[in-house]
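Novice: This is what each chain is made of:
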Amino acid sequence: MIFRQSFLLLVAAVLLCLAAKAQPAPIMLDTLREPIGKRLKAWAKAQSLRPYALRVGTDLSYWLNGAVSAPFGRNTIGENLKNFYANTARFELTADMAFNRNKNFLIADVGYSSTFRERNAKDSLRNVSYSNTGTYWRIGFDYNVLHKTFTDRKNALMVGWRYARANFAQEAAYTARSTPWGFNGMPAAPLFSETISDRLNYRWMELTMGLRVAVWRELYLGYTFRIKFAGRPSNTDRLLPNEVPGFGTIRSNVKLSFNYHIYYRIPLVKNL
Amino acid sequence: MNKLIRGFVCLYGLLVLAACEDCVFTSRHSSEPIVRFYRKGSTRVLVPGFDSVQTGRGITIYRAGRILYSSITSENPVPNSVALPLDPSRDTSLFVFFGRRPGAPADSPARRDTLVLTYKRILSIVSPDCGYDRRIENLQIIKNPYDSAQIAAQLVVLRADTVHIRLFW
Chain A
1 MIFRQSFLLL VAAVLLCLAA KAQPAPIMLD TLREPIGKRL KAWAKAQSLR
51 PYALRVGTDL SYWLNGAVSA PFGRNTIGEN LKNFYANTAR FELTADMAFN
101 RNKNFLIADV GYSSTFRERN AKDSLRNVSY SNTGTYWRIG FDYNVLHKTF
151 TDRKNALMVG WRYARANFAQ EAAYTARSTP WGFNGMPAAP LFSETISDRL
201 NYRWMELTMG LRVAVWRELY LGYTFRIKFA GRPSNTDRLL PNEVPGFGTI
251 RSNVKLSFNY HIYYRIPLVK NL
Chain B
1 MNKLIRGFVC LYGLLVLAAC EDCVFTSRHS SEPIVRFYRK GSTRVLVPGF
51 DSVQTGRGIT IYRAGRILYS SITSENPVPN SVALPLDPSR DTSLFVFFGR
101 RPGAPADSPA RRDTLVLTYK RILSIVSPDC GYDRRIENLQ IIKNPYDSAQ
151 IAAQLVVLRA DTVHIRLFW
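As given, the protein sequences belong to chains A and B, one line each in that order.
The numbering of the first sequence is the working numbering, which starts it at 1 and goes up by one.
The numbering of the second sequence is the working numbering, which starts it at 1 and goes up by one.
Keep in mind that a hint or two might mislead.
A few chain B residues that face chain A, going by a derived Cβ cut-off under 10 angstroms, partial list only [stated by the list, open to error]: (1) S27; (2) C130; (3) I151; (4) L155.
Where chain B lies over chain A, by a calculated footprint (3+ residues, C-beta under 8 angstroms) [unchecked claim]: (5) 124-135; (6) 138-148; (7) 179-188; (8) 191-199.
To be clear, the hints were calculated from the coordinates, so they are not data collected in a lab.
Every residue, glycine too, gets a C-beta built ideally from N, C-alpha and C.
Build out the structure end to end from the sequences listed, making use of the hints.
Specialist: This is how it looks when you write it as C-alpha cells:
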C-alpha cells in the first residue's frame, strides 16, 4: 500500500514538476505592465487605421468667381467676364477621410468642366473659338500639422500631395490667310478656315496646403492652396490644350491656384 | 475662430484679384522655312539664280531675286535665301523652281526642279483673347532634285539669320 502511495506521489510530483515548467514565469510588476502597454499600442495602431470621420463637400470658388468677377471683371481686350462665365460650367465634389484621430487624411476629388470661349472680331482673321469639356479626379493624402493644437479633433491645417488626371475633349476653330496657296480672302479664294478636334488625357501632381474650419456643428468651410506641376498631354495630335479640366490654363510648368470648399462632416467614431 | 473666418474672406479677396488674365505673348514660330543653296562639299552660300519659284497651286512666290509673298521675311530677308510659305491646309507642300540653278554658268540650260516638303502643323490657342499660334514641327524633305539636302532645323522658328533647309548640288 505504502509502495503504491509512494508511486502515486512520485507520479504526482513528476506531473507537478512538468506542470510547473509549463507555467509562465513568476508574475513581476514590470512584466505585468508590458502586456498592457503592448495591448495599448496595438489598440492605438488599430485606431490609427480606423476611419475617424468622413467630410464631403463641394468647391465654391467657381461659383464665387462667377458671382463676384462676372459683373465687374474685364478680360484683356476689355470684354465683360459675364460672357465667359455664361459659357462655363464647372463643378467639383471633394471628400476627405480622417484617420488617426484627425491627423492623417485620404483625399479624393472628382470634377467636371465645360467651357466655350470665342473672339468675334470685325476682322475675321482675328476670330478664334475654343471649347473644352471633360472630367477629372485627384487622389492624395494630407497631414494635419496642428493636430496637437486643435484638441477638438475637428479643425485642421493640412499639407499634402495629390495625383490628378483629366480626360477631356477640345475643339478649336480659326481663320488664316495664305495668298501663295490661294487663301487670300477674295470671293473666288476665301480665307482658310479650320476646325481641329482632339481627345486627350492629362496627368499632373500637386502640393497642397489647406485649412478646414468648423463654422456650425458639422458644417465646415475650407480652402486649398495648390502648387500644380504640369504634366504632358497624351495623344496630342494637332492641337495643344489651352486649358485642362481641374488644372486650368496651361502657360507654365508650375501653376498656383486657390479652391474654396464647403463641407459636411460625418463622424464615424464616437467618444474616442 | 473669428480670426480664421476673417482670414478666409481676405484670401478670397486675393483670389479675385489674382483672377486677371495676361495677354502678353510674342510668337517666334513661322510657317515659312528659309532655304539656302550651297555647292556640294562647300560651305559657301550661292546666290539663288532662279527665274521664279512657284507653289503647287501655281502662284509665284519668288521672281528675279525678289520674295513676292512672305508675311515675315520680306521686311528683313535672310541674305541669299528663299522663304517657302507652307500650305496651311495640308501637311505637304510642293514648290517648283524655274530657271538656272544657283551658281550655274549663265549659258547653262533652264531647268524645272521640284521640291516637296512634309511637316506637322501644331495649333495652340494661347488664349481666346490673345489668339492662336501655329507652329511647324518635324520638317522633312520627301523629294529633292538636288544632290543632297540637309534639314538644319525641324522646328520652324524665326531667329536672325536662321536657315531651316540647306540644299547642295
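Novice: Confirm or reject each hint.
Specialist: A quick look at each hint next to the structure:
no. : hint    : result
1   : S27     : 13 angstroms, violated
2   : C130    : 7 angstroms, holds
3   : I151    : 21 angstroms, violated
4   : L155    : 14 angstroms, violated
5   : 124-135 : holds (count 4)
6   : 138-148 : violated (count 0)
7   : 179-188 : holds (count 5)
8   : 191-199 : holds (count 3)
This entry does not satisfy hints 1, 3, 4 and 6, going by the numbered hints stated previously.
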